[in-house]
Amino acid sequence: MASSLTIKGLDAAYGSVRVLEDIALEVRAGETVALLGTNGNGKSTLMKCVMGMLRPVAGSIVAEIDGTRHELNGLATEEIVELGVALVPEGRRLFPKLTVEENLYLGAYRRTARAQLKRNLAHCFDAFPRLAERRRQLAGDMSGGEQQMLALGRALMTAPRILLIDEPSVGLAPLLVRRTIDKIKELQEQYALTVLMAEQNFTQAIRIADRGYVIVHGKIAFAGETAEELNNNELIREFYLGA
Amino acid sequence: MGTKAFWLATTAAVLIVFAASRLVTNDYVFFAGYVVLQYVVLATAWNILGGYAGYINFGTSGFVGIGAYSTVVLHKLVGPPIPVLILVGGIVSGAIGLGMGYLTLRLRGVYFGIATLAMAIVVQTLVTNWDFVGGSRGVYIIRPAHVPFIGGYIQYLFLVMLVLAAVAVAAARTIERSVFGFGLAAIRDDEQAAEVSGVPTLRLKLIAISVSCGLMGMAGAPLPYYVTYLDPASAFNLGYTANTIAMPLIGGTASWVGPVIGAIGLATIQQVSTVTISSALNLLIVGVLLLICVVVAPNGIVGLVRGKRRRAGRGG
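Just so you know, the sequences run in chain order L and S. Take the first sequence: its position 171, counting from 1, is numbered 171 in our numbering, and each next residue is one higher. Take the second sequence: its position 1, counting from 1, is numbered 1001 in our numbering, and each next residue is one higher.
What the hints contain is simulated information worked out from the structure, not anything from laboratory work. It cannot be assumed that every hint is accurate.
Said to hold, decoys possible - Below, simulated DSS-like cross-link-like pairs (lysine-lysine); rule was C-alpha separation at most 30 angstroms, straight line:
(1) L:Lys-118 - L:Lys-183
(2) L:Lys-183 - L:Lys-97
(3) L:Lys-219 - L:Lys-8
(4) S:Lys-1004 - L:Lys-118
(5) L:Lys-8 - L:Lys-185
(6) S:Lys-1308 - L:Lys-97
(7) L:Lys-97 - S:Lys-1076
Bear in mind the structure is a predicted one, so any value in this text is a computation, not a measurement.
So that you can see chain S by itself, here it is in the shape it has in the complex:
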């Protein structure tokens, strides 16, 4: 897909989803759609560091929580509109990601993963003991019932997340095709070799983790308005971490398409099964799908399709 075609397709997708949503009268569709889009942002963000550079981040829940609680703080102090909250959530989360990266990105493989997981738990503990944001009791956010021109508040949140998803995917695709993304691919393949080739590995990793964590914070920032009651256990839910790792792996980590496919597919299945079967089944579904994926499509759905195409091309 050329760059022009990509922008056209992305804009068209956003407009079509928006137009289609105008026809929907059932609010539940927006609640479910919001979650799916939120996972598109999270999976895409995770993949910038995890897929492109090969550093597995187990701290997604931490950065979602940071984004969410930066909104809580701002809401209590000023109460700015959602786009501002998203921006601030992204900046705070990205800055903390940068700091964490500076401390941990010299670690490789599983050690980096452990450090990120620990970071998420430390932040959760801090927030749980911080009375200003409600501590372990949690905090209520009262949102307006209506938004001019758009209608209900959940419709507005859905739209905001839709735009954010488009921005995240566009960012990931731009990175993937830039010299920067090329350097990340080298780090993933062999970091020492990348270093002696003159790739400034630490700097690239720090940029990647800032962008990745920033986007995660942005995805988390509207969360208090979505749930209206936020407590640390739900804001820092490890389900975010598990899902965000599973989605790119199922979709395919090598390109921006993979996380999008994985997120839309997996999150939709989860939303549907929550209603039709049981909400406790969610993570079990993730586990089973991940297992199937490891056996059938080790390079994700994108890898599977590409492999088939290549073989078909050779045969014909």
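Pulled out of the complex, with its shape left as it was, chain L reads as follows:
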């Protein structure tokens, strides 16, 4: 069953500071879409709006989940999670003083997720055998790469249909960035997820993205229909490659 995300006319602000302006963005069923942009352009704010952690000033955020349409603007975060939208937050945001296993259990806090806890935990350990080995270790004691795996695993525990990933490459060594991005692709295919990934690391992100948006100063500056289009875009040269 198909799940998609459609954002229209989204405005957001922190107090009187405008952060997002008239954002229109679509993630179609089964797609991996990259949201590209450097620091401070509004990528994380957009993610927060989708998750109900920041009330947008205007606009609609519609998630179609397994054929049912839901307006997310106005729902509480836990209700959005319950619907099947999960976020892997920037900087991973694990519970450092809880064990790996407890972190994963917390991912399945919602009642519906708790009902399938065993199955999801098995899936999670399947995808990340390393987490099974370290299940009793404190999350804060793990390496950056392992923590990113745990953050992904925790999001999977809610059995999401739409997965938002905020800067998975932050603070990771280049080799680990590559591995993490590959893992995201693998999970996307395995669970037929619809993925929106915010990323600064352009070359890594478009390796797995079907399409992409470039966000500059809170506006969508360019929407690329294919990875090639993004690759050959002037804006991206200007912003990323400094040419």
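Given the structure of chain L, go ahead and fit chain S onto it with the hints provided.
For chain S alone, kept in the frame of chain L given last:
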């Protein structure tokens, strides 16, 4: 400790203390014991929000006062027995805690603390200007000299507080091990991450503050009968706030054992020093112990013992 063992131990502790108290003829022991048990309830209650969820409440004195003055009001209007007064004090205090939580729990860290402190002062000011409950003059409560089957009234109050302490500790332990307590631990560790994991953070915090403040009100409800003369300055004494924060911190905030150890230890030291040295020394003792605790046992006595055990386990 398993759940069965916990209930057995709690019941046994209550019975043993009760039996031992039958042998005591000196009333002072009951007056002192009442205060110690009252602090077991207060520290345990505070820890439900402060220790489990990481929200530091500076308003303990406010909720003790609310519980105490709800008793004064009821005493003047109806005069029901103590258990009813405790229940009402708990409900009133819990409801006010819920209201305060709704207004302030969106604030984090020090801002939440300031708001709770302000609440306590506002309520004290209101009560001080409320003539029906005696205003700043205070109010006298005449209690019966004897209670059937138990004996003196102070023995009865001691027993009531003993049962209340057992109830509070059992409640805290149940919360700690429930899905609810697990959610609170997540809030303490990283509230935003808890939110995106689907933990209904605001709802959990509101339940926690209601339970916590409700128990504080329950601990305060028998106070007018204990002191027989109540005025706002003693009912809303900031000493309650300071002690109730210090006790869990000294004992350890991560589990229900910590506040119990901290309360029994600190309150006993205070009671003994009041008699043997000076009553003015109380808060100084709290300060010194807190300082020592920060240096020697940052995770409290429970954390210290657990750390030692873990190290011993690794060595052997």
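Evaluated hints:
| no. | hint | result |
| --- | --- | --- |
| 1 | L:Lys-118 - L:Lys-183 | 22 angstroms, holds |
| 2 | L:Lys-183 - L:Lys-97 | 26 angstroms, holds |
| 3 | L:Lys-219 - L:Lys-8 | 12 angstroms, holds |
| 4 | S:Lys-1004 - L:Lys-118 | 27 angstroms, holds |
| 5 | L:Lys-8 - L:Lys-185 | 26 angstroms, holds |
| 6 | S:Lys-1308 - L:Lys-97 | 18 angstroms, holds |
| 7 | L:Lys-97 - S:Lys-1076 | 50 angstroms, violated |
Of the hints listed earlier, the one the structure fails to meet is number 7.
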